[in-house]
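Trainee: In our numbering, the protein residues as written are 227 to 401.
The hints are simulated quantities; they were obtained by calculation from the structure and are not laboratory data. Just so we're clear, the structure is a prediction, and the values are computed from it rather than from any experiment. There could be a bad hint or two in this list.
Said to hold, decoys possible - Only pairs whose alpha carbons sit at most 27 angstroms apart, straight line, appear in this in silico BS3-like list of lysine-lysine:
1. 260 - 320
2. 284 - 265
3. 279 - 320
4. 380 - 260
5. 320 - 293
Claimed, not checked - Taking CB as the label site, the calculated pair distances span:
6. 269 - 329: 37 to 43 angstroms
7. 322 - 270: 44 to 50 angstroms
8. 361 - 265: 32 to 38 angstroms
9. 277 - 299: 30 to 36 angstroms
The beta-carbon is built from N, C-alpha and C at its ideal position, and this holds for glycine as well.
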Amino acid sequence: MNTLSRLAFALALPLLATPAPAEDRNGLSVLVTKTTLDKKDSRTSSYYERSNKTQALKVTVKNITFKPMSESEMTWKILVVGTYSSTLYTGVEKVNALKPAETQELIIGAAQVSAWKDYSGRGSDKTEHQIAITHGDREIIKTQTTPGFDAMAKRASSSGAGSSSGGTSEKNGSN
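Whenever a hint applies, use it, and build me the whole structure from the sequences.
Mentor: And the structure:
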């Protein structure tokens, strides 16, 4: 019985390490992964440690049809949900025309994410995203990390707007 449980664990382990599947719709396959552009750690005492990261999204767009796809537009939103405030980063990118089975990779956004650790525990900002690709007025594919993304983004964007690299940043804080 012990050997059987080890075998089951060995077979299940690769499934845990696989990335999220790509979303396929209307001839496009879109795979979104998070990537870190910059990381700064600071330790102010032996009891408190803080980490600030600049995170972006790596988007892989693939034409999965047998005919060429014309140029399209990608609208993206990255929502950073903190303890007391939320920040929304938005932008629009151009997706080049794709030949059959051709792939294009884009690094989009630059969201500031913070984390902390002290003697009582740890905490971190949570990031959510939404990607929509359109041809003219027709939406080809839309993918998001959570079903309630639009409601969360609406709450985050209810105050003034600023700018960030690759798009705009809208902040909403309540203390």
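Trainee: Hint by hint, note whether the structure agrees.
Mentor: Hints and how they fare:
1. 260 - 320: holds, 19 angstroms
2. 284 - 265: holds, 17 angstroms
3. 279 - 320: It holds: about 26 angstroms lies between the C-alpha atoms, which stays within 27 angstroms.
4. 380 - 260: holds, 22 angstroms
5. 320 - 293: Holds, because 19 angstroms separates the two Cα atoms, which is no more than 27 angstroms.
6. 269 - 329: 37 to 43 angstroms: Holds, at about 41 angstroms.
7. 322 - 270: 44 to 50 angstroms: With a Cβ separation near 46 angstroms, residue 322 and residue 270 satisfy 44 to 50 angstroms, so the hint holds.
8. 361 - 265: 32 to 38 angstroms: holds, 37 angstroms
9. 277 - 299: 30 to 36 angstroms: With a Cβ separation near 34 angstroms, residue 277 and residue 299 satisfy 30 to 36 angstroms, so the hint holds.
When each numbered hint is compared with the structure, no violation occurs for any of them.
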